[in-house]
Amino acid sequence: MATTRVRILTMLLIGGFGALAERFLMGLQAPQSLSNPFSALRLGAGLQIALDALNANPTFLPNHTFAFTYADCACDPKVSLDSFIKQVRDQGIIALLGPVCAEASEVTGLLAAQWNVPMLGFVGQTQRMDRTTVYDTYVRIMSPLQRMGQMLEATMRHFGWTRAAMLGGTAQNSTWANIDELWASVERELARSVTITARIKYDTSNLRLHRQNLQEVSRKARIVILMCGSDEAREILLEAQALGLTTGKFVFLVVQQFEVSEPVAATYYSSMICCHIYHDNYKHFFILPGKSHVDAQVPSLGQDSFWKSVVAEGLDSMALRALEPVLLFAIKAYGTYDYDVFLQEVRRRLAGPPFHSNLSSYKEVSPYAAYLHDAGILYAMAVRELLRQGGNPRDGRAVIRTIRGSNKIKFYGASGQVSIDVNGERFLDYAVFDLQKKGNASQFLPVMVFDTFQKALSFTPEYQKMGWPDGRPPSDMPECGFTGELCQEAPINLALVLVGSILSLIVIGTVAFLTYLVVQSRSLQESMDTTWWKINFEDITLVSTSKQDIVESESLQVPLVNGSYRSSSKQVSGNQSNVHHDVHGTDRVEIPIGIYQASKHMSHRNRPSIRGLIRQPVMALPTCPNCRMCGVQGNQVALKFLERTHPPDLKSKSMLKELQIMREMLHENLVIFFGVCVELPNVCIVTQYCRKGSLKDVLKTSDFELDWMFKTSFAHDIVNGMIFLHKSPIKSHGNLKPSTCLLDSRLQIKLTGFGIWEFRYGKKGKTLDINKQEELYWTAPELLRMEDLPVNGTPKGDVFSFAILMREVIYHEDEGPYVGIHLEPKDIIDQVRDGIAVPPLRPLLTERCEPRIQALIRQCWDESADRRPDFSSVSRMLRLASPEGNILDNMVSKLEKYANHLEEVVDDRTAQLESEKKKTDRLLSSLLPGIVVDQLKAGKTVQPEQYELVTIFFCDIVGFTAMSAISTPLEVINLLNDLYNLLDDIIKEYDVYKVETIGDAYMVASGLPVRNGVRHVEEIATMSLHFLSSIMNFRIRHLPQEQLKLRIGINSGPVVAGVVGNTMPRYCLFGDTVNVASRMESTGFPLHIHVSEATTNLLKQIGGYFLVERGTINLKGKGNQLTYWLKGKAGFQMPLPEFFHTGEILKNKGTVESNQITENWTEEFAKDVAAFRAKQSMGATANRIPPHGAAGDKHGPKGQRPSPVTQASSVWATTQ
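Position one of the sequence shown corresponds to residue 1 (the UniProt record's numbering), numbered consecutively onward.
Errors might be hidden in some of the hints.
[Claimed, not checked] With a cut-off of at most 20 Å between alpha-carbon atoms, the simulated SDA-like pairs for lysine to any residue come out as follows:
{"id": "1", "residue 1": "1129", "residue 2": "987"}
{"id": "2", "residue 1": "408", "residue 2": "419"}
{"id": "3", "residue 1": "692", "residue 2": "813"}
{"id": "4", "residue 1": "988", "residue 2": "931"}
{"id": "5", "residue 1": "410", "residue 2": "429"}
{"id": "6", "residue 1": "534", "residue 2": "657"}
{"id": "7", "residue 1": "940", "residue 2": "1061"}
[Said to hold, decoys possible] Taking CB as the label site, the calculated pair distances span:
{"id": "8", "residue 1": "927", "residue 2": "320", "range": "47 to 55 Å"}
{"id": "9", "residue 1": "466", "residue 2": "199", "range": "24 to 32 Å"}
{"id": "10", "residue 1": "679", "residue 2": "867", "range": "43 to 51 Å"}
{"id": "11", "residue 1": "249", "residue 2": "1061", "range": "51 to 59 Å"}
{"id": "12", "residue 1": "392", "residue 2": "340", "range": "38 to 46 Å"}
{"id": "13", "residue 1": "465", "residue 2": "340", "range": "23 to 31 Å"}
{"id": "14", "residue 1": "78", "residue 2": "219", "range": "47 to 55 Å"}
{"id": "15", "residue 1": "486", "residue 2": "907", "range": "38 to 46 Å"}
{"id": "16", "residue 1": "340", "residue 2": "130", "range": "32 to 40 Å"}
{"id": "17", "residue 1": "201", "residue 2": "78", "range": "24 to 32 Å"}
{"id": "18", "residue 1": "62", "residue 2": "915", "range": "50 to 58 Å"}
{"id": "19", "residue 1": "846", "residue 2": "679", "range": "49 to 57 Å"}
{"id": "20", "residue 1": "351", "residue 2": "1116", "range": "33 to 41 Å"}
The hints are simulated quantities; they were obtained by calculation from the structure and are not laboratory data.
For glycine and all other residues, C-beta sits at the position ideal for the given N, C-alpha and C.
Turn these sequences into a full structure, and let the hints guide you.
Structure representation (structure tokens):
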């Protein structure tokens, strides 16, 4: 159904176009406000010039004409879309030029593509429009921004510059988007070979800030890229000269992307009266009406109009020196016309319809008028070429295809050569200009040209004349660097010669001594290397900690001497030491350990041994009740004591080999081995201390539930550590369980309890402790069956241990892996050892575990060791089942997601701020004129302005005082609110400005603050008729049977307007024109439009309005004045109230008493209202109607209403 509607609409549109087969109508969209640099009042006439030239040429496209219609898009996507729909549906355009604003262009471009309407962009450079598959009816006549960056990069590469600073910005908020787009494009292109050492953007024209920026830049770069407007560039260069930066050491590359170049020289014949087209191969040269050309086939190079005007102004020698270090980067001009003449012609045309602009100088014309001119020419040539090919010029996509990549559509226009490639991009060459002497003057001349097609530089004859201070281009940095880092100046001292001679003699004598020291040092080092593992117990220091630290140690872990750890927040005393027995019957003691320090403040004789502290708790531990950690050479360490009756045999090669292997076991998931202490009775192993305790402690903490990320992270850490162990000479762990999986401060697993088996158990090997069956839960069944248990276990046994351990980690239970199996530990171990059950006894797996993890665990604890995977396979399966990495990686990932979320929040808040700003702007615009709001927001003072000719409108409600007297305040408010909402909606359709409302008085003006030629009187007159027509259907809520009657007065003349006050500022009008307009309203009749003689004369000049002479009336302060009634307008279709012709009454009297008819109507209205109220309330309200003139009637005695000027002269008028 929707598709059918679209097809029907398209057929209707095509049918509408067919009725105008010889007329091609284009649509133009640009904001009307002069505060916008792309205002139609600054550039619109460029299209007029192009179309007039085309229509004046009888040979271009016979029997066809080109025209355009203009719509104010206000840089609002909604307004632009609505205007485009009306232009296509109501006016029948077949092409669109604009909109000039990026946001509006993106939205409207989508509908243009859907409706197959060609759209030519001549200002906006948003990158989203480059998507040709979406915007397939769009072509852009502006050159891509990256071309400027490519030329800058090629130029810097040519001169050997690899460092530069970027400085730029604008004080105009409306052009910031363009500066930002250009900045990003240039920086992206320069990144290939240039390092940007400083980036400074500004948004002000403050000269002091320019000076600070230049000082900052000069400390970091010699090559400065300026991206700003012409005026701002001149100010910055003058500041640079004041700072001494124009002496030749610095070069300023001035980028003029948004300026249009003009030719250096062009002469014309004054007899040329229409546009001529010259054909030479594919070239077309367009000449302005009234001008001619010389040698049109050879385009001349150009320069930026501003920079030419600066030189032409006759600058003094000091100002010229400020321009000497400047290289100007601008578009290469191909024009065969005088650009200033073009701008003057644009300004002249802008003053006429439909723009009625009041620019004071041609310099206020937007440079984009040239691009708009060429856009119109480009479309017309595409239509002509399509007609030659027998195509349909109303097929938008066909028009765009004809434009893109066509060798037959190339010409030289107002903005240079126009040639569009297959991607819809324009090839527009750029040039580098240098200030050179030309006769007695200095002028910017082109020295290099950048071919955007081949991306290569070519040189002009002026290139050889470039003058460098040292005869060559300056370096991009000082010889010694910006901070002198490249030079090391050495002061010349004659004494050094003598000292050198003496030193040469001393060196010979000291060589032998130095050689001896080196030999001794190496011998000492080799001796130390053979005993690196040996730690003297006297170097182990117990460090006291405060009670606060002990309380805080709840989250820290106190290590057990057997390698396991437990949580503890209690002070350790002698009688609190816990003694355990291992399989050899030796004691294993839980002790506090502390920071290892080499203490020289206590002698070995006075320092108690740790074993002594354990054996004699009452004597030793009270002396150091807060000791928790030990240290070795500044490292926090854990001590594992071994019960030895005699010291280990350190001469055994196998034992030394074990120690050397442990030294080389460096991995992020293994504890670091520091060495051993062999002094009786303190034989111990010294390893890295892990602050967070063991995995066993974590599992026993019931109030700390691990999430899945932690669990999988622990599993990955364990597997990574085991892979390293199995590939090392150690081959296997042999004791993998929760107590041997330690956690460091980053919650990373560190495996311990492996290696140096001979040092631990001696030659006799390891035996099972039958008294502690629960310690065998993690031992593989094949190992349980062995009589002589391998001290280092087996790799497959480690896999079994990992499966049991993994089950504990996943289910996070502190009662051991076999929780839920109601058997004694001995019975469990017996069944696991026997393996006769089917299936063999294993820990329970419930649905809480992910299925793939369950399958992995079952495979790892398989009864057959051969069917168990190795840890490399376990790692792969674990990553497939749970791809999360370690905790640190996950935390970093979460932080990245959080940062991305913050960016989204910031963008959302920025959008909200922008939305609120738009609301504030709309509110301000409803209180003050838009141009005034822009000036106030910029912090500028709004100067009063005189307007030579405007039209003022006043209206009020006849009988309002009497109506108020019989109404409640709420009813009066509702009446005025309904009426003003109606009138406010009407004035939106006209070029008028609502000045003020006071009570029932309503004041409107046209022709200010934006002048509109003579349209002001027409706008006010038609609006007044619209008011009378709408008031006929207006109903008063509380008096539905009564007809509201307006009294309207209009006058035209000069006024002065300005903003008055700081608190609640008002835009006020002053002048006799305001007084007369007010008196025209006060002396008028109900439902009549009273018009002054000045307004009548203007309406007669325009024509089409029906006016009736009222006669001569006496106006206060003005005497007798001839006035008229406005009765209607030709073509005005809205119904109007009945017009009471008073000609007969006025014919014999000559003058009329003010408000004669109004007085009678007011009395009748009061009587009618009283009767209506009496009927409604049984006469209760009839007594509220005051007698005539007794209730302070607004119209005073005899019904005369005082002028609004006497009521509020300070608001809108001054009495003359």
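Verification of the hints:
Taking the CA atoms of residue 1129 and residue 987, the gap is about 18 Å. The hint holds against a cut of 20 Å. At roughly 10 Å between alpha-carbon atoms, residue 408 and residue 419 fall within 20 Å of each other, so this suggested pair holds. Between the alpha carbons of residue 692 and residue 813 the distance comes to roughly 19 Å, so the proposed pair stays at or under 20 Å and holds. In summary, the hint linking residue 988 to residue 931 is supported, as the alpha carbons are separated by about 17 Å, within the 20 Å threshold.
A threshold of 20 Å between alpha carbons decides the hint, and for residue 410 with residue 429 the separation of about 14 Å falls inside it, so the pair holds. A threshold of 20 Å between alpha carbons decides the hint, and for residue 534 with residue 657 the separation of about 14 Å falls inside it, so the pair holds. Between residue 940 and residue 1061 the alpha-carbon distance is near 14 Å, which keeps this suggested pair within the 20 Å criterion. The beta-carbon spacing between residue 927 and residue 320, approximately 49 Å, falls within the hinted interval of 47 to 55 Å.
Checked against the given bound of 24 to 32 Å, the beta carbons of residue 466 and residue 199, roughly 28 Å apart, stay inside it. Separation of residue 679 from residue 867 is about 48 Å and conforms to the stated range, judged on CB atoms against 43 to 51 Å. In this structure, residue 249 and residue 1061 meet the distance hint of 51 to 59 Å, their C-beta atoms being roughly 54 Å apart. Distance hint check: the CB atoms of residue 392 and residue 340 are about 41 Å apart, consistent with the given range 38 to 46 Å.
About 26 Å separates the C-beta atoms of residue 465 and residue 340, a value consistent with the hinted range of 23 to 31 Å. The beta-carbon spacing between residue 78 and residue 219, approximately 48 Å, falls within the hinted interval of 47 to 55 Å. Remark: the range hint 38 to 46 Å for residue 486 to residue 907 is upheld by a beta-carbon distance near 44 Å. A beta carbon spacing of about 34 Å between residue 340 and residue 130 agrees with the range 32 to 40 Å that was offered as a hint.
At roughly 31 Å, the beta-carbon separation of residue 201 and residue 78 lies within the given 24 to 32 Å, and the hint holds. Remark: the range hint 50 to 58 Å for residue 62 to residue 915 is upheld by a beta-carbon distance near 53 Å. For the pair residue 846 and residue 679, the beta carbons lie near 51 Å from each other, so the given range of 49 to 57 Å is met. Checked against the hint of 33 to 41 Å, the pair residue 351 and residue 1116 passes, with Cβ atoms roughly 38 Å apart.
Hint violations for this structure: none, all hints satisfied.
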